[in-house]
Every structure is written in C-alpha cells, then in structure tokens.
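S.K.: With chain A's structure known, arrange chain B on it following the hints.
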Amino acid sequence: NAGVTQTPKFQVLKTGQSMTLQCAQDMNHEYMSWYRQDPGMGLRLIHYSVGAGITDQGEVPNGYNVSRSTTEDFPLRLLSAAPSQTSVYFCASSYADISYEQYFGPGTRLTVT
Amino acid sequence: GENVEQHPSTLSVQEGDSAVIKCTHSDSASNYFPWYKQELGKGPQLIIDIRSNVGEKKDQRIAVTLNKTAKHFSLHITETQPEDSAVYFCAAQEGGNTNAGKSTFGDGTTLTVKP
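Each protein sequence line maps, in turn, to chains A and B.
In the working numbering, each number is its position in the first sequence, counted from 1, plus 61.
Counting from 1, position 46 in the second sequence corresponds to residue 44 in the working numbering; the numbering is continuous, with no gaps.
You may find that some hints are simply not true.
Chain B stretches covered by chain A per the calculated footprint, using a threshold of three residues with CB under 8 Å from any CB of chain A [to be verified]:
1. 0 to 10
2. 62 to 75
3. 100 to 112
I should point out that these hints are in silico values taken from the structure, not numbers from a laboratory.
Everything numeric in this text was worked out from a predicted model, so none of it was measured.
Built from N, CA and C at the ideal position, the CB exists for glycine as well.
Bound conformation, chain A alone (with noise of 0.2 Å):
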C-alpha cells in the first residue's frame, strides 16, 4: 500500500491565485482530515470527512473548501491564496472504528507571496 499520498510537495502562488491540493489514501479508510502545520504551533484541523459526501468544517475552515466525491479521495482548494495561508498541509485517514490511528501523508509546502 502507498498509505496517504499527497501533490504537489512544494508550491509557490500569487496573492489570489487558487489551487487545489489532492490527497489519497489507499486503505479504504472511512475518515480523512485536513491539518495545516505552523512554526511553533501544532497542527490545526481545516476540514473532515467522515465518509463519501459527507464533509464538515474543523477549527480553522475560512478560506478552504473540500470536497469527498470517493473513498479515496480529498482534495483541499483554496479560493484567493493570501499569505496567512503560507503554511505546511497535511492529510490524514484513519478507520471509522475503536482504533482512531491517523496515518498522515508527506505534506505540501505552500508560500504564498
């Protein structure tokens, strides 16, 4: 198994340019979440998904917006870029089950300037 893949590993943007980083995982997991990673800071949930179609807001949501149309896929879009949102992003999917374990991907490092 791949485990959580995640693309691009870098990415630069313009103020108000928009992007959208994927995220996949390849064990069947119900759940996958989005965390941004700042310096000095632990990770903050954007976005969570419990299941195919089924998508709701975590601590900070503003300028994202997801979507979970399979499985395996969530993809993390970003409107406007602005540099508040220069950060280090990373998926996570875990079983909908007693385990809660999160396996998390490699991340993607995003300036934007």
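M.R.: Leaving out everything else, chain B in the frame of chain A:
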C-alpha cells in the same frame, strides 16, 4: 472546544537519559490521547496512544501516563537514542466514531538527544 497545552517546547538530553513531555487538556469529553513523532520533512506518525479508561500504557522504551481527573497526560522515553530526536506532539480527541478524524494537537516538543 478542546485546548491542549504541551511542555516543554524544547528538550535536550544526553543519550541514555530519560525524557518526559507533559500535556494538559481542557475538555472532559476527550477520551483518546495519541502521541505522534514527526521527523524532519515528514508527516506525524503515531507512536503510542492511551484511552481514558487506562492509567498507563507501555511499549518498550516508551510509556504514556494519564491522570483523567487532573486532565494531565505525559510521554516518557527511557534510554534515549539519537534516533529519538524529533518533534513530538500530544493530542486529545473526543470519543465516538463521528470524532475519529478530529484531534486537537499541542504545539509540539523538539527533542534533541546528544550522543
């Protein structure tokens, strides 16, 4: 909502010594407490977790303790090795399947093990 505080932010120990990282959470509804290790340039990886019905859990050189009443939980690493050098995060999560993907993280502890 849940708030997790983690201390210290940096920790330096000599190889072979023990390392202790402490966290406090605020929401009594949280009942799952994972610890993640993040190596440079990689995503976090679960190293140990504990649920609120257990006071202590051990896995080789790593142990986690939980004081449910005081809302404190700690990570203990014994006989540290240079490869233990990384950033460690504690997290708290409310129980139930609808909360499975929703962890609240501490700010992290950068552990350096000096050979």
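S.K.: Mind listing which of the numbered hints don't hold for this structure, in increasing order?
M.R.: Hint 2 alone not satisfied by this model.
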